[in-house]
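The residues making up each chain are set out below.
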Amino acid sequence: GAVVSQHPSWVICKSGTSVKIECRSLDFQATTMFWYRQFPKQSLMLMATSNEGSKATYEQGVEKDKFLINHASLTLSTLTVTSAHPEDSSFYICSATSGDNEQFFGPGTRLTVL
Amino acid sequence: GNSVTQMEGPVTLSEEAFLTINCTYTATGYPSLFWYVQYPGEGLQLLLKATKADDKGSNKGFEATYRKETTSFHLEKGSVQVSDSAVYFCALESAAGKSTFGDGTTLTVKP
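The listed protein sequences derive, respectively, from chains X and L.
For the first sequence, position 16 (counting from the first letter as 1) is numbered 16 according to the numbering used here, and the numbering increases by one without interruption.
For the second sequence, position 49 (counting from the first letter as 1) is numbered 49 according to the numbering used here, and the numbering increases by one without interruption.
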């Protein structure tokens, strides 16, 4: 099956710093990528939908200036958590859709903000 | 808005036992329904799906039938194995392509 990678797999940062998370589709071109947030023992919450070359569409309640998404190519999307605070600590997961709209998920990135 | 409710866990079974994880949904229109599995330390993987009413999705011995009349998509397996231990997520995808997930059910199968 198609493979989606995320980098880094985990990151620890100080409060106030910015963190960038990369999501790559390794063996297919992804027309759309999605960013999710997963709290411990809870479900995935869709944060935003990202299409290559256009601005991301954010879900209600998600601050677009806080969570910057860039989708510069058909194989790469980045999520930047700006001025991170402890409440931003979470597990961030991306997914990418192939031509038949099946979603392939990345392994996730655990962010801990001290 | 759309929502997915699945059986709370954790669920603990002995090997070869029968598994049912209930999932019901609320949605406008005709969503596609999915079961995803997340093994320890790994990302979500598609387990099975159904795109219209009365469709049955199946994979690796797991089955689920899209029941529009009861808005359900219960996951079943006749004989679980230790290797089936994982977290299972029920999800729907709207016609607009947005996914809504249930809270996940942790399954532990003991030898």
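Each hint should be verified, as a subset may be incorrect.
In silico SDA-like cross-links for lysine to any residue, where the CA-CA straight-line distance does not exceed 20 Å [as the list claims (entries may be wrong)]:
| no. | chain 1 | residue 1 | chain 2 | residue 2 |
| --- | --- | --- | --- | --- |
| 1 | L | Lys52 | X | Glu102 |
| 2 | X | Lys41 | L | Thr12 |
| 3 | L | Lys98 | X | Gln42 |
| 4 | X | Lys55 | X | Ser43 |
| 5 | L | Lys98 | X | Asp100 |
| 6 | L | Lys98 | X | His7 |
| 7 | X | Lys41 | L | Gly97 |
| 8 | X | Lys55 | L | Gly97 |
| 9 | L | Lys98 | X | Thr112 |
| 10 | X | Lys41 | L | Asp84 |
| 11 | L | Lys98 | L | Leu48 |
| 12 | L | Lys98 | X | Ser83 |
| 13 | X | Lys41 | L | Glu42 |
| 14 | L | Lys98 | X | Gly61 |
| 15 | L | Lys98 | X | Ser89 |
| 16 | L | Lys49 | X | Lys41 |
| 17 | X | Lys41 | L | Leu107 |
One-sided excerpt, in silico: chain L residues whose CB lies under 8 Å from chain X [stated by the list, open to error]:
| no. | residue |
| --- | --- |
| 18 | Glu42 |
| 19 | Gly43 |
| 20 | Leu44 |
| 21 | Leu48 |
| 22 | Ala50 |
| 23 | Gly97 |
| 24 | Lys98 |
| 25 | Ser99 |
| 26 | Gly104 |
Computed Cβ-Cβ distance ranges for the label pairs, DEER-style [to be verified]:
| no. | chain 1 | residue 1 | chain 2 | residue 2 | range |
| --- | --- | --- | --- | --- | --- |
| 27 | X | Thr31 | L | Ala53 | 23 to 29 Å |
| 28 | L | Glu69 | X | Thr31 | 42 to 48 Å |
| 29 | X | Thr82 | L | Lys60 | 39 to 45 Å |
Since the hints were made in silico from the structure, they are not lab data.
Please read these numbers as outputs of a predicted model, since none were measured by experiment.
Cβ atoms here follow ideal geometry from the backbone N, Cα and C, with glycine treated the same way.
To see whether the hints hold, each was checked on the structure:
1. Lys52(L) <-> Glu102(X): Cα-Cα ~15 Å, so holds.
2. Lys41(X) <-> Thr12(L): Given that 20 Å is the threshold and the Cα spacing comes to 16 Å, the pair holds.
3. Lys98(L) <-> Gln42(X): holds (18 Å)
4. Lys55(X) <-> Ser43(X): Given pair Lys55(X), Ser43(X) is violated - Cα atoms ~25 Å apart, limit 20 Å.
5. Lys98(L) <-> Asp100(X): Roughly 15 Å separates the two Cα atoms, so the pair holds.
6. Lys98(L) <-> His7(X): Judged against 20 Å, a Cα distance of about 24 Å means the pair is violated.
7. Lys41(X) <-> Gly97(L): Cα-Cα ~25 Å, so violated.
8. Lys55(X) <-> Gly97(L): Roughly 17 Å between the alpha carbons, so the hint for Lys55(X) and Gly97(L) holds.
9. Lys98(L) <-> Thr112(X): violated (27 Å)
10. Lys41(X) <-> Asp84(L): holds (19 Å)
11. Lys98(L) <-> Leu48(L): With Cα atoms ~17 Å apart, Lys98(L) and Leu48(L) stay inside 20 Å; holds.
12. Lys98(L) <-> Ser83(X): This hinted pair is violated, its Cα atoms lying about 28 Å apart.
13. Lys41(X) <-> Glu42(L): holds (15 Å)
14. Lys98(L) <-> Gly61(X): holds (16 Å)
15. Lys98(L) <-> Ser89(X): The given pair, whose Cα atoms are some 24 Å apart, is violated under the 20 Å limit.
16. Lys49(L) <-> Lys41(X): violated (23 Å)
17. Lys41(X) <-> Leu107(L): Cα-Cα ~13 Å, so holds.
18. Glu42: This interface hint holds because 6 Å falls under the 8 Å limit.
19. Gly43: Nearest chain X Cβ about 4 Å off; hint holds.
20. Leu44: At 4 Å from the nearest chain X Cβ, Leu44(L) passes the 8 Å test, so the hint holds.
21. Leu48: violated (12 Å)
22. Ala50: With a minimum Cβ separation of about 13 Å from chain X (threshold 8 Å), the hint on Ala50(L) is violated.
23. Gly97: holds (7 Å)
24. Lys98: holds (6 Å)
25. Ser99: holds (6 Å)
26. Gly104: Status holds, d = 6 Å.
27. Thr31(X) <-> Ala53(L): 23 to 29 Å: About 28 Å separates the Cβ atoms of Thr31(X) and Ala53(L), which means 23 to 29 Å holds.
28. Glu69(L) <-> Thr31(X): 42 to 48 Å: violated (34 Å)
29. Thr82(X) <-> Lys60(L): 39 to 45 Å: Since Thr82(X) and Lys60(L) have Cβ atoms about 41 Å apart, the given range 39 to 45 Å holds.
Violated hints, listed in ascending order, are 4, 6, 7, 9, 12, 15, 16, 21, 22 and 28; each of the other numbered hints is respected by the structure.
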